[in-house]
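Each chain, letter by letter, is given below.
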Amino acid sequence: MRLDGRAFVLPVCLIILAEIGARAGGPSDSIAPPSEVLVAFVGALADGSLLLATRDTLASAFGGLAIGGAIGLALGILLGSVGALNRLMEVTLELIRPIPSVALAPVALVALGFGYRLEIAIVAYASTWPVLLLTRSAVAGVEPRLIEVAQALRLSFPARVAKIIVPAALPRIFVAFRLAAGFALIVAVTIEIAINPLGLGAGLMTAGQALRPELMLAYLLWIGIVGFALNILLVFAQQRLFGRAALVGDIR
Amino acid sequence: MKALLWRLASLAVTAGFVAIWQIVADFKLVSPVFLPGPDRAWAALVHGMVASNLATKLAGTIEHMLEGWLVASIAGVVLGALIGSSRFMRAYVGPTLEFLRPLPASAVIPLAIAIFGFSPAMALGVIAFGAIWPMLLSTVHGFAAVEPRLYEVARALHLSRWQVIAKIALPSALPDILAGLRLGLTVALILAVVCEMIAGLDGLGQWVLLAARYFRSPDLFAGVILLGALGFVGALALDIAERRLLVWRAPTNSP
Amino acid sequence: MNKGSCRAGEALIRFSKVDLSFSDRKILEAIDLEIMRGEIVCLVGPSGCGKTTALRIATGLLAPTGGGVAFDGAPILGPRRDVAIVFQDYGKALLPWRTAAGNVSLALEAVGTPRAERAARIDALLAKVGLPHHADKYPSQMSGGMQQRLQIARCLAQEPAALMMDEPFGALDAMTRQELQDEMLQIVRTTGATVLFVTHDLEEAIYVGDRVIGLLPHPGRIGIELKIDLPRPRDQIATREDPEFLRLRRELYEFIKSAER
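Chains as they are written, first to last, in this note's numbering: chain A, 193 to 444; chain B, 220 to 474; chain C, 688 to 948.
Calculated directly from the structure, the hints in this document are not laboratory data.
Here the structure is a predicted model, which is why all the values come from computation and not from measurement.
Please note: incorrect hints may appear among the correct ones.
Pair by pair, the computed Cβ-Cβ distance ranges are [as the list claims (entries may be wrong)]:
no.: 1; chain 1: A; residue 1: 362; chain 2: B; residue 2: 258; range: 42 to 52 Å
no.: 2; chain 1: B; residue 1: 419; chain 2: A; residue 2: 239; range: 31 to 41 Å
no.: 3; chain 1: B; residue 1: 382; chain 2: C; residue 2: 776; range: 21 to 31 Å
To be clear about the criterion: a stretch of chain A counts as covered by chain B if any three or more of its residues have a C-beta under 8 Å from a C-beta of chain B, and this derived list gives those stretches [said to hold, decoys possible]:
no.: 4; stretch: 198-205
no.: 5; stretch: 275-281
no.: 6; stretch: 298-310
no.: 7; stretch: 380-390
no.: 8; stretch: 395-402
no.: 9; stretch: 419-433
Glycine residues also receive a C-beta, built at the ideal position from the N, C-alpha and C atoms.
Whole structure, please, built from the sequences with the hints as guidance.
What follows is the structure, given as structure tokens:
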């Protein structure tokens, strides 16, 4: 996407409209003019509360992603390369997958209590799926000729996975991790808003309940920026590592 | 025939997992406070349906999910078609959408509460806001990716603007739109549960949260099972719709 | 229909001083060409000579930057209903979500043919192009040759006075290509349509054409005009062995060779 001047017309108009609208309505408990949001944003950034919350959220998100990604990767490689196992697990996976991640949050709450562990567990569950499914199809889609080469060379199964399958599927596996990382952040914030008193989501909720709309909107803005930056970073990393070819296997 | 046998074997594996779950619970390998066996979860499910208000909660969640999804789908397809078929809109609106897209939809819940209070309107707004993104983006993509040759065919045949939309652009974007509908439904279910948890609206989200608070884990599992079933049925229904609507696709692109 | 008398008549399509340039690059320069009613004119030339561009201008899909094309005396400002276009990339020009019958139907829907009359017309058109038993197949279930036949059927549904064919058989295998050449000639003979036919296959141009126009590249301009007086109906074996065919082929090959240099 190329940015030009036209990209900024709509946001600037919206901000000006919001400023005028919020000022005309007088002081409010639910909305605040953008100028006050900016002041609150700078304040929260200066006293460190925003960055602390960001650290908590990102730690949970990436912790969960690391665990879920590892499980998803291992299962994905296993199911993608052993056809019989894949078919045997079909029904089980089809039944578990539709369970929404937030629905498991109360289960994790009972077992683990509030805190990082609860959030990491749910993020891990949520990010297992994209990694598992995409890795499975990436591995199953490895050029059959390469598998035949591996057989001709009489490589053992671990050697085949390490030397042929994973390198061949790597660009698409990275896409899986990119999508899962975006997912992990969304799930982490959602869990914080719904249940867990931690991180950016909780800060957002607290500001809302304290009837401080300017701080709430500042948090919202920051969450948007963090999500956007993470996305840009991952797309950039993917292009640097694998070139544009990697974007071909992208599944939205 | 062979596929059916595999399917049965796969089902047997699932039954095996349930049996292991039962054994783990029976021998109290995990504390029963955390993990009720499938027998107790099933009993809680039946009891909740018959003697308690679990059915009402299920209906509440279905209602929240479908309402928000429907609003999001209609608005998403219409807006997506407008943006996707117009270069002007893509240049001015596209980047703003790109920025908003990674925003977790649940993050607007406090804002929605501030505006609407703890009401069903709040849930509708949040669910519709969250579920519109997959709809919108995939529709934009579908409309922007119509084969240009087909527009030339339309010009050669003198199709009217309305005919071009109905006969060329919309069917061409249909696979993308269906993918958006599917993703949107998943998002709608998640957000319905979150809204019910936070705002205490009648629904399974509220049910599972209360069950967790009072450590009634069989009730909790009953709720989770119902939510899984709901997601499963939704995906299945869209699967069937997709298979019927997209028969024309070359069979090679199914995995 | 007697071609000789037709050629004596007025031109159906007339290019006058057609220029086309993109920014400062000249694609076509001063193309003057008259195509008579019922005539089959082939455009050939090395790649980059603008033959497809010239055809697109004649269809009205592309506007020239200078000069103009007249159809039946009226200037062409956009695509016309009575001018059908056969695209080379049949895979992209058919609606993949419609069956063969549905694809033909699109042309009938465009002119508002009542629903009740469509089925019979579609059956007749599909039979005419040799697809009588494939009405319910989707393009993805058909071979390349069948898909191109289907596109021709959709074009015939427009009841065109002229067919604009852009390398229509270029993507097909040799056998299918020859079959379709003969079927196309047969259809054109019964309908009396005028044809502008772009191809990179010189033998194909001589085989189907009444006249072959060779273009020179950079910028595209007319370099040679050959009248083809081979007897009709043409025959894949006899025509291609005719000494006149071989003479024309040599002349055209030499022209292209010198044009590419």
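Hints, one by one, checked against the model:
Between residue 362/A and residue 258/B the Cβ separation comes to about 45 Å, which falls inside the hinted range of 42 to 52 Å. Between residue 419/B and residue 239/A, the C-beta spacing of about 32 Å keeps the proposed range 31 to 41 Å intact. The hint said 21 to 31 Å for the Cβ distance between residue 382/B and residue 776/C, and at roughly 22 Å that hint holds. Only when three residues or more bring their CB closer than 8 Å to a CB of chain B does the claim for the stretch 198-205 of chain A stand; here the count is 6, and the claim holds.
Remark: the stretch 275-281 of chain A is confirmed as covered by chain B, as 3 of its residues place a Cβ nearer than 8 Å to a Cβ of that chain, reaching the required three. Residue count for the stretch 298-310 of chain A with a Cβ under 8 Å from a Cβ of chain B: 5. That meets the three needed, and the coverage hint holds. Proximity of the stretch 380-390 of chain A to chain B, defined as three or more residues with a beta carbon under 8 Å from a beta carbon of that chain, is established by the 5 residues found. Residues of the stretch 395-402 of chain A lying with their CB closer than 8 Å to a CB of chain B number 5, which satisfies the three-residue condition for coverage.
Only residues whose beta carbon comes within less than 8 Å of a beta carbon in chain B count, and the stretch 419-433 of chain A has 4; three or more means the coverage holds.
Of the numbered hints stated above, none is contradicted by the structure.
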